[in-house]
Structure formats: structure tokens, C-alpha cells
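J.: Here is what each chain is made of, one letter per residue.
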Amino acid sequence: MNLPLPETSPSLPRRTSRWRLYRGAEQYERLLGWFLSLPAAGLMLLFLIGPIVAVLLLSFTDWQLGMSAFEWIGLDNYAELFGDHTFWQSLKNTMIYVAIVVPGSVLLGLGAAMLIEAGKQGKSFYRAVYFLPVMATLIAMSIVWQVILHPDFGLLNLILKELGITGPNWLQDGDLVLYVLCGIGIWQQVGFNLVLFLSGLMTIPSHLYEAAEMDGASSAWDRFRLVTWPLLGPITLFVLVITSSKAFQVFDTVQVLTKGGPNKASEVLLYTMYTEAFEYFRTSYAAAITVVFLFFVLLLTLIKTRFVERKVHYS
Amino acid sequence: MAEIAIRKLNKSFGETQILDQIDLTVRDGEFMTLVGPSGCGKSTLLRIIAGLESQTNGQINISGQPVDQLRPKDRNLSMVFQSYALYPHLTVKENIATPIRMRSYRWYQRLPLLAQLLPGAAERQAGIDSKVAAVAELLQIEHLLDRRPGELSGGQRQRVALGRAMVRDPAAFLMDEPLSNLDAKLRVHMRTEIAQLHKQLGTTFIYVTHDQAEAMTMSDRIALMMDGKLLQVATPEEIYRNPVDVRVAEFIGSPKINLLPGEVNHAGRVVVCGCPLRVATQPGQTHIRVGVRPENATVCRVEQGDIQGQLIYLENMGAEFFAHITIDTLAEPMLVRCDVEQGQQLVLGATVGIRIKPKHTLVFDQQGRRVASEKVAAEVHHESATA
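The listed protein sequences correspond, in order, to chains A and B. So the first sequence is numbered by our numbering: it starts at 26 and just counts up by one. So the second sequence is numbered by our numbering: it starts at 4 and just counts up by one.
Honestly, the hints are just simulated from the structure, not real lab data. These numbers come from a predicted model, not from an experiment. Treat the hints with care, as some may be off.
Not the full set, but computed from the structure, chain B residues with beta-carbon under 7 angstroms of chain A [claimed, not checked]:
1) Leu55
2) Arg74
3) Pro75
4) Met82
5) Phe84
6) Ser86
7) Ala88
8) Thr101
9) Met105
10) Arg106
11) Ala198
Virtual Cβ for every residue (Gly too), placed ideally from N, Cα, C.
Using the sequences and the accompanying hints, generate a full structural model.
T.: So this is what it looks like as C-alpha cells:
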């Protein structure tokens with residue numbers, strides 16, 4: 026047997042071949058990486074990026090549901106949209122809704138979480154009670170609210186009547202209806218935020234409160250400012266983002282309770298989009314509304330990653 | 004500057020007695036160490052002094068004033084925590100400034116933005132800055148002032164925690180195992196630094212540790228606690244030479260003291276392993292324990308020894324040797340210190356004698372209490388006769 030033995034002394038050609046081998050391995054590894062991420066990338070393309078691109082393209086056409094042909098009409102949809110009173114009303118209502126529901130549910134969630142955390146008993150009971158609305162289907166809960174808010178035999182107005190007050194027609198009063206929806210939105214969101222804040226509070230080491238106490242932070246407000254609030258930073262950011270994106274997506278309550286009325290007083294972005302797309306079948310126009318909606322969601326994400334995230338992670 | 008007096012202090016959680024009738028006076032400017040094994044109640048005692056926990060009964064006076072009803076901040080004490088407890092979102096500078104800001108500012112003077120518009124804000128800030136700078140200089144952390152705790156090493160965090168405690172001239176410093184999170188080398192170094200800091204400041208220090216070496220090296224006096232009781236309060240020297248209880252003798256000193264079972268014969272001589280030592284105590288006791296520290300015995304030839312045993316191991320420490328010698332009737336080998344010269348000559352496995360210095364031999368009764376003992380006078384006569 027005369028097998029070719031591998032060269033043992035290090036020499037130039039051998040080093041280059043090893044180098045080539047190394048480069049080959051690196052290339053192989055890179056290819057393998059792409060290959061392994063293929064399923065995830067494929068799914069993301071199919072279900073996230075694909076539809077977004079489709080919607081974006083659709084918004085530049087005049088296509089309607091059921092039509093076999095379409096034409097590119099450039100920015101016509103957007104021109105119509107920005108000239109449409111309903112759209113601006115809808116955008117304004119959505120903004121008001123977000124501006125009330127986000128701080129409302131975040132502050133109430135934080136406050137309730139701190140009260141529950143400070144309490145000695147019944148922590149899990151309170152947590153469960155506050156979390157119930159999150160678990161329930163909002164459509165079903167909206168129907169319950171409809172009954173409660175009914176002007177004649179609703180529970181709320183019956184109670185007010187007992188107190189000698191004539192309750193308004195909550196869902197038919199144009200000045201009131203948006204705020205009623207905000208109230209329901211807060212009710213629904215508080216439990217979710219509360220549970221997140223509770224878990225955040227539990228991660229704050231107790232010796233920090235003791236250090237604060239020694240340093241002279243004796244009032245509850247001082248302790249909150251010095252320890253609780255800064256250390257809840259990451260959780261608060263997360264809660265804010267989740268709550269804002271949920272508030273932007275308000276739809277169920279509007280669909281069940283008001284249908285955007287009375288007189289578009291409770292018209293919100295997603296509801297406008299829904300009616301345009303699935304009642305008037307103006308698909309491309311609805312696509313333009315969706316693009317506006319996506320723009321706000323994107324903006325929110327950018328604010329989160331660019332500005333806020335840097336300020337709340339300390340290590 | 005303050006004297007801290009603790010009178011008949013008790014603490015129990017339900018049925019469990021954590022602290023039992025603690026009486027302790029920490030003198031003004033003294034470095035007092037509370038030492039004991041974990042779970043002995045030393046940290047609880049410190050937290051009660053700080054006001055972070057309340058006692059079941061008993062009284063604490065600081066500078067003659069009862070503080071039992073006062074909140075922590077009104078007791079004018081500073082505390083350094085084992086985990087340092089620095090505020091992670093504040094810079095080192097802000098961390099150190101926090102006690103001053105919290106104490107000397109009204110709430111509206113601490114509001115963000117608005118506070119800077121209030122009259123006198125600039126002077127107040129300058130006052131704080133100069134105090135922080137002075138503390139930072141003392142601790143040599145000036146270059147770290149703008150960093151956050153997350154960017155610091157353990158030793159640096161330790162200094163920042165010290166700085167936060169020092170910045171406002173408290174009546175006393177309370178330290179709860181401040182060195183236990185540091186590596187061994189840094190721990191020894193910080194030991195010296197804290198002791199020096201105490202000398203520089205002249206303030207009362209109460210220092211909690213489970214490490215007897217820390218207690219011995221740093222303290223003016225040591226209070227040794229076990230099972231919620233204060234066993235002995237004395238200077239390091241005294242507690243080492245004259246422990247009042249066998250548990251104190253066992254806890255203090257490294258390597259540990261040798262405890263040999265023994266008895267007292269009718270003449271009052273202490274007998275260990277059937278051999279009478281040159282130590283006398285009250286006659287008639289059985290089941291005593293005789294404590295001999297490794298440096299209070301010497302290895303010698305068999306015929307010269309008080310007792311004898313077999314050399315099984317030699318521990319070379321560089322500057323000295325520790326000979327491990329098994330004695331027939333004892334379960335644990337006895338440790339005896341030798342100098343380098345002798346250590347190098349010893350042969351493993353050989354039978355050797357152990358000569359016990361009677362002057363420093365400690366005798367404990369069956370309950371572990373210290374019993375008075377003395378060097379046998381007759382032996383002195385005998386020795387002088389032969390000399």
C-alpha cells in the first residue's frame with residue numbers, strides 16, 4: 026500500500042490551500058445561514074411584507090372588488106382622501122381617542138398596580154378581576170355595554186334616575202359618544218397594562234426603596250420619583266407602545282355600538298377603511314386609508330426605537 | 004458623631020425569636036463590628052438601628068435621644084448595603100448627591116426644569132457640586148462622576164455607595180456586609196480603605212460581617228452574635244485571647260482553635276487524653292473542653308510533649324507551617340503552628356509530642372462557658388529546679 030501522506034512541514038502552498046478551505050467554510054456557513062432562515066423569511070414575505078406592498082400598489086390604482094381590470098391613477102386616491110371631510114373627521118376622532126385612551130389606561134393601570142402591590146391580601150383576586158375585560162371578546166362586551174348604556178332601560182341611566190339625574194342618550198349624543206367609547210377602551214385596556222406593571226413592580230429590588238428611605242425620600246411621591254418610575258421605564262415604554270397601537274386600531278366598539286355615528290361623530294380610521302372596502306367596495310381607496318394608518322404605526326415604532334428606548338435602559 | 008445605645012432589644016417574627024435581649028453601647032467615633040454566622044440576627048439588628056425594621060420591644064438611643072419612633076431619615080444615619088443599592092438611572096454624581104437633594108430641598112425645589120428657575124437654584128447646585136466633588140476626591144472616583152452604575156466594576160460601585168453615605172455627615176455609618184460582593188483581593192484592599200476612612204472621618208461606624216478576619220482587622224470593638232444573642236463585646240485582642248464562650252473561641256481565629264475533650268482531676272489539674280497538662284482549674288469537673296490555638300502549642304520530641312500523636316499532614320503557608328497531628332482518642336487532628344525551620348525538618352507519619360503553653364490554654368465547661376484557669380505553680384518550681 027502506498028497512500029499519499031499529507032505534507033507535515035508547513036509550506037506556502039499548503040497555507041494557501043488551508044486559507045481557501047477556510048474561505049470555503051465561511052461561504053458555506055453564510056449559505057447555510059440563509060438556508061436556515063428561509064422558512065421564516067418566506068413566511069414574513071408572504072404574510073407581512075407582501076400584503077403591505079400589495080396595499081401600497083393597490084392605493085395607486087382604481088381597482089374595486091370584483092373588477093377584472095384596473096388602471097394606474099397615481100396619487101388620485103390620496104388627493105380624494107385628503108379632500109374628503111369624512112377622512113379628516115375620522116383621523117381627528119382617532120387622534121382624540123388615542124390621546125385619551127393611552128394616558129388614561131396607562132396611568133390607571135400603573136396606579137392600580139401600585140395599590141395592589143402595596144396591599145397585603147387579595148393580590149391575585151384583584152389581578153384576575155382587572156384582567157377579565159382583556160380576556161373577554163370585545164364584540165361581546167360591546168353588546169353588554171350597549172345594554173348598559175341604553176337611554177331608557179340601560180343600567181347606567183336607571184341608576185342615574187334613582188339619583189334624580191336624567192341620563193343622556195350616551196351613544197346618540199354627538200358631543201358625548203367619542204368619550205363614551207374612550208371610556209370603554211380604557212376599561213378594556215387597563216387590566217392588560219396593570220398586569221404588565223405589576224410584573225414590573227415585582228422586579229424592582231426592595232433594597233432600592235430602603236436606600237431611598239435612608240437617603241431621605243420619605244414620602245410616597247419621593248419614592249415614586251426616585252425609584253419606582255425610573256425603574257419601570259422599560260415596562261412603561263412597552264405598555265405605551267402596545268396601548269397606542271391598540272388604540273389606533275379601535276374598531277369593534279364602533280362597529281357594534283355606533284357605526285361611526287351619529288353624524289360621523291365616532292368615525293375612526295379603521296372603521297372608515299372598513300366601510301369603504303367592504304360596504305362601498307372601493308378597495309383602492311380603502312388601501313390608501315390603510316397606507317395612512319400604516320404610516321402612523323410606523324411613526325410610533327420609529328419614535329420608540331429612536332428616542333425613548335435609549336432613555337429607559339440603564340445598563 | 005454619636006453614641007448609639009441599645010437597651011433590652013427584642014425582635015421576633017411570630018414564634019421565632021430573632022434577637023434576644025440585646026444590650027449594646029457603641030461609643031462615639033467607635034468602629035463597632037457585629038459579627039456572627041449567617042442567620043444570627045446581626046443584619047436584623049443593623050436594620051432596626053437604621054429604622055428599616057422595627058423592634059418588638061426595647062429601646063435605641065442615638066446621642067441620648069430615643070429614636071424608636073423616628074423614621075429612618077430622621078435618625079440621621081447612613082447605610083451602605085451589601086448590594087450597594089445604587090440608583091441605576093442616575094449618574095454617579097447624581098447618586099452621591101441624592102441624600103443632600105432629598106434632605107435639604109423642598110419638594111418644589113426638586114421639580115425637573117422648574118427647579119432651575121427658582122431663586123437661589125444656582126447657589127444650591129454649586130453647594131451640592133462642591134460636596135460631591137470633595138467626597139469624590141476622597142474616594143478617588145472623580146473620573147467616574149458622569150457614568151452610570153451599570154458601567155462600573157464592583158469595587159467602583161462600592162466606592163460610590165460609600166460616597167453616597169458620606170456626603171452629608173451622618174451621625175453614624177451603618178454597613179451591611181459591604182465587601183461580600185467583591186473578589187478576595189479587592190476585599191482585603193477595601194478592608195484597609197474603610198478602616199482608614201473611619202480614622203479620617205472619626206464618625207461612629209457599625210459594620211456587619213460574617214467574616215471574622217474583617218472583624219479582627221478593622222474594628223475597635225467586636226460584638227459577636229449567635230442565635231440572636233450577644234455573646235461577647237470586646238476589643239479584637241480581648242475577644243481572641245479571652246473568649247467567654249466556646250462558640251466565640253471557635254468563631255474567631257483562623258485556622259480554628261483546637262478543642263480537646265478533657266476532665267479535671269482531684270488535684271485540679273486539667274487532663275487531656277489521660278495526660279495531665281500544666282493547667283489548673285476548679286477541681287471536680289468532667290467533660291470540659293480545652294481550647295488551644297495553633298500558635299499556643301509546639302511540636303516537640305515525644306518525651307517532652309504533654310500529649311503525643313502522629314503527624315499526618317504539613318500545611319506549608321510560606322511564612323509558617325501548620326502540622327496536622329492525629330491523637331488516638333480524638334476524631335479530628337490537632338493543628339499546631341511551627342516555624343519554617345522546624346517545619347522543614349518534620350517527617351510525615353512520625354510520632355511527635357505536642358507541648359501546650361499553659362498560659363494561653365482556655366478551659367470551657369460542659370455548657371461551653373469559659374472557666375478560669377491558670378498555669379500550674381508547681382510546674383514552675385519544677386522547671387526552675389531543673390534549670
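J.: Please go over all the hints and tell whether each is borne out by the structure.
T.: Against the structure, the hints come out as follows:
1. Leu55: holds, 5 angstroms
2. Arg74: holds, 6 angstroms
3. Pro75: holds, 5 angstroms
4. Met82: Because about 5 angstroms separates Met82/B from the closest Cβ in chain A, which is inside the 7 angstroms limit, the hint holds.
5. Phe84: holds, 5 angstroms
6. Ser86: At about 6 angstroms, which falls below the 7 angstroms cut-off, the nearest Cβ of chain A leaves the hint on Ser86/B intact, so it holds.
7. Ala88: holds, 4 angstroms
8. Thr101: Given a least distance of 5 angstroms, the restraint on Thr101/B holds.
9. Met105: Met105/B check passes; min Cβ-Cβ to chain A is 4 angstroms, inside 7 angstroms.
10. Arg106: holds, 4 angstroms
11. Ala198: violated, 22 angstroms
Against the hints set out earlier in the document, a violation occurs for number 11 only.
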